[in-house]
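Chains A and B, in that order, give the protein sequences. FYI, our numbering numbers position 33 of the first sequence as 33, with every residue one higher than the one before it. With positions in the second sequence counted from 1, the corresponding number in our numbering is that position plus 1000.
Everything labelled a hint here was simulated from the structure, so no lab data went into it. Source: prediction; values computed, not measured. Treat the hints with care, as some may be off.
Part of the chain B face toward chain A, derived, beta carbon under 7 Å [stated by the list, open to error]:
id, residue
1, Ser1022
2, Gly1069
3, Val1072
4, Arg1108
5, Tyr1112
6, Val1113
7, Pro1117
8, Thr1123
9, Gly1199
Within a straight-line C-alpha distance of at most 20 Å, the following computed SDA-like cross-link-like pairs (lysine to any residue) qualify [stated by the list, open to error]:
id, chain 1, residue 1, chain 2, residue 2
10, A, Lys237, B, Leu1019
11, A, Lys146, B, Lys1210
12, B, Lys1115, A, Ala18
13, A, Lys237, A, Asp200
14, B, Lys1111, A, Pro77
15, B, Lys1111, A, Thr21
16, B, Lys1210, B, Lys1115
17, A, Lys2, A, Ala139
18, B, Lys1111, A, Thr221
19, B, Lys1111, A, Ser20
20, B, Lys1210, A, Gly217
21, B, Lys1106, A, Pro169
22, A, Lys237, B, Ser1022
23, A, Lys2, A, Asp57
24, B, Lys1106, A, Asp97
25, B, Lys1115, A, Asp94
26, B, Lys1111, A, Lys2
27, B, Lys1115, A, Gly17
28, B, Lys1115, A, Lys245
29, A, Lys245, B, Leu1019
30, B, Lys1106, A, Pro107
31, B, Lys1111, A, Met19
32, A, Lys2, A, Thr95
33, A, Lys245, B, Arg1203
34, B, Lys1111, A, Lys245
35, B, Lys1115, A, Lys2
36, A, Lys2, A, Asp97
37, B, Lys1210, A, Thr95
38, A, Lys245, B, Gly1199
Even for Gly, the Cβ is constructed at its ideal location relative to N, Cα and C.
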Amino acid sequence: MKLTLRVWRQKNADEPGAMSTYQVDDISQDMSFLEMLDTLNEELTLKGEDPVAFDHDCREGICGACSLVINGDAHGPERTTTCQLHMRSFSDGDTIDIEPWRASAFPVIKDLVVDRTAFDRVIQSGGYISAPTGTAPEAHATPVPKPDADYAFENAECIGCGACVAACPNGSAMLFTAAKVSHLNVLPQGAPERESRVLDMVATMDAEGFGGCTLAGECATACPKGIPLFSITNMNKEWLRATRKSGKR
Amino acid sequence: MLMALATRTDRRPSTIRTLWDSSVGKKTVMAVTGLIMLGYLVAHMAGNLKIFFGPGDFNGYAHWLRTMGEPVLHYEWALWIVRFVLLAAVILHAVSAAQLSRRDIKARPVKYVHKRPRASYATRTMRWGGIILALFIVWHILDLTTGTVHAGDFQHGQAYQNVVGTFSTWYGNTIYIVAMVALGLHIQHGFWSAAQTLGAGSRNRDRLLKTVANVLALVLTLGFIAVPVAVMTGLVS
Ligand code: HEM
Ligand code: SF4
Ligand code: FES
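Can you build the whole structure from these sequences, using the hints too?
Below, the structure is given as structure tokens:
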């Protein structure tokens, strides 16, 4: 198939960027979206032009490195990661707009690559449990009810890609933070830091310049891992509980 | 399971500070104040419908609003308590809305080149709808409580006649009906939204909450609009 690509090009964080138009021919329906971009980059390299910078790593939908807003949708038209999106989702002759994640907490570094270290700082402020290192604990020592295990797992699926922030009209990180809080707060292993985790992670999220939640629901629609919007409801509940409890001390 | 935790030596700020400084806390303030105003509006709308029983009933009801709570409370005290709570609610709600909106806009300064429709109409109009409601509240009080901008000749204690006066003008009807449609949209998203903010929503309860939000929005909008429509059609005069 032949495609017209309109790609955001930006030399570095300081210089203004713009959309540039490219033609690519010989694209197979079986290529992934990233392979399609690889093809474009090979052509650009042969012509002596600067290839388009974009993030990727595992290319199997589990690491959260790939990004891209494709025709206005984070990770494109299918509910999956960009690396798992295939060109059969497009038609011959299509024009495809490719833009970076947009949020002031995710500044553009180059072309389609944004700085997502704000997520790391949110995690550092509470997305962990305190457990002694050494040999693995006996698996049956701490029973976890099945519904809790399922709930934790559903939220643990978050790969930290940032599509939720990119899709949110307020550039809010509520879905990401809620997935982490919900995952750890429901488990006995997460209990010792249950209150400080949610208070600190929400405070860091605010401090990093992410927006607030207006429950528009765009995040949960964009999320490639299907983190439910109700995880945000749960984080609100955890936050209010922690605020009440820590106020008494 | 024994775990070695780092001892926190820093003290957490007060609950009020935590609430006001956090985007989640400020949203809680909006949810609580929004629900207070919503509760008031249900009572207000039901009271307004007394206009269909004629001037005697309606003016009697308006008078009762001033004597309610007696003899425990003095004349008009209960009314002033309600007014004070509502004033506090509307100010907290509007200030939180403004501050949160400013934060949200700052967090997403660059728009996408490729546009596509996002979120529902009610969700997208919360801010403009809120501004319409704020302007409406000011006009409404100056019109029917103080009489400052009233069209005809305003008389305290003559609520029925004053209402008929307002809805005998085209602009009175227009302002009122536009505001009530904005109110319906605001509540349709707002009620469900407040449930999520307060942690009361869940997958199982979602359909119920959305239904209640729709019913509340519809009943309030239609209930409030019934009065100007009745005046326009001559049912109330
Ligand atoms: C002064 C006029 C008002 C302004 C400026 C205003 C503005 C807003 C804004 C900007 C939001 C946030 C929307 C979002 O999350 O996207 C909101 C939410 C809300 N408003 Fe208002 N509003 C006003 C009056 C009212 C009234 C009269 C009611 C009573 C029914 C109300 C009830 C609510 C509720 C229940 C919410 C949801 C809170 C939440 O999401 O937790 N508002 N309002
Ligand atoms: S919640 Fe979903 S969209 Fe957001 S970072 Fe996690 S996986 Fe990505
Ligand atoms: S490259 Fe790892 S999820 Fe897409």
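Status of each hint after checking the structure:
1. Ser1022: 6 Å, holds
2. Gly1069: Since the shortest Cβ distance to chain A is 32 Å, the answer is violated.
3. Val1072: 32 Å, violated
4. Arg1108: With Cβ-Cβ at 4 Å, under 7 Å, it holds.
5. Tyr1112: Holds, about 6 Å.
6. Val1113: Since the shortest Cβ distance to chain A is 6 Å, the answer is holds.
7. Pro1117: With a closest approach of 9 Å, the Pro1117/B hint is violated.
8. Thr1123: 5 Å, holds
9. Gly1199: Because about 3 Å separates Gly1199/B from the closest Cβ in chain A, which is inside the 7 Å limit, the hint holds.
10. Lys237/A - Leu1019/B: 13 Å, holds
11. Lys146/A - Lys1210/B: The hint is violated at about 29 Å.
12. Lys1115/B - Ala18/A: 16 Å, holds
13. Lys237/A - Asp200/A: 15 Å, holds
14. Lys1111/B - Pro77/A: Distance ~19 Å between Lys1111/B and Pro77/A Cα, so the pair holds.
15. Lys1111/B - Thr21/A: With a Cα-Cα distance of about 19 Å, the restraint between Lys1111/B and Thr21/A holds, given a limit of 20 Å.
16. Lys1210/B - Lys1115/B: 28 Å, violated
17. Lys2/A - Ala139/A: 54 Å, violated
18. Lys1111/B - Thr221/A: 19 Å, holds
19. Lys1111/B - Ser20/A: Holds: Lys1111/B and Ser20/A sit about 17 Å apart, inside 20 Å.
20. Lys1210/B - Gly217/A: 14 Å, holds
21. Lys1106/B - Pro169/A: Measuring from Cα to Cα gives roughly 11 Å; hence the hint holds.
22. Lys237/A - Ser1022/B: Given pair Lys237/A, Ser1022/B holds - Cα atoms ~14 Å apart, limit 20 Å.
23. Lys2/A - Asp57/A: Roughly 26 Å between the alpha carbons, so the hint for Lys2/A and Asp57/A is violated.
24. Lys1106/B - Asp97/A: 24 Å, violated
25. Lys1115/B - Asp94/A: 16 Å, holds
26. Lys1111/B - Lys2/A: Measuring from Cα to Cα gives roughly 28 Å; hence the hint is violated.
27. Lys1115/B - Gly17/A: Holds - the C-alpha atoms of Gly17/A and Lys1115/B are around 18 Å apart, at most 20 Å.
28. Lys1115/B - Lys245/A: 44 Å, violated
29. Lys245/A - Leu1019/B: 13 Å, holds
30. Lys1106/B - Pro107/A: 13 Å, holds
31. Lys1111/B - Met19/A: 13 Å, holds
32. Lys2/A - Thr95/A: 9 Å, holds
33. Lys245/A - Arg1203/B: 26 Å, violated
34. Lys1111/B - Lys245/A: 40 Å, violated
35. Lys1115/B - Lys2/A: Since the Cα atoms of Lys1115/B and Lys2/A sit roughly 23 Å apart, the hinted pair is violated (cutoff 20 Å).
36. Lys2/A - Asp97/A: With Cα atoms ~15 Å apart, Lys2/A and Asp97/A stay inside 20 Å; holds.
37. Lys1210/B - Thr95/A: 38 Å, violated
38. Lys245/A - Gly1199/B: Between Lys245/A and Gly1199/B the Cα gap is close to 16 Å, so the pair holds against 20 Å.
Hints 2, 3, 7, 11, 16, 17, 23, 24, 26, 28, 33, 34, 35 and 37 from the list above are not met by this structure, while the remaining hints are.
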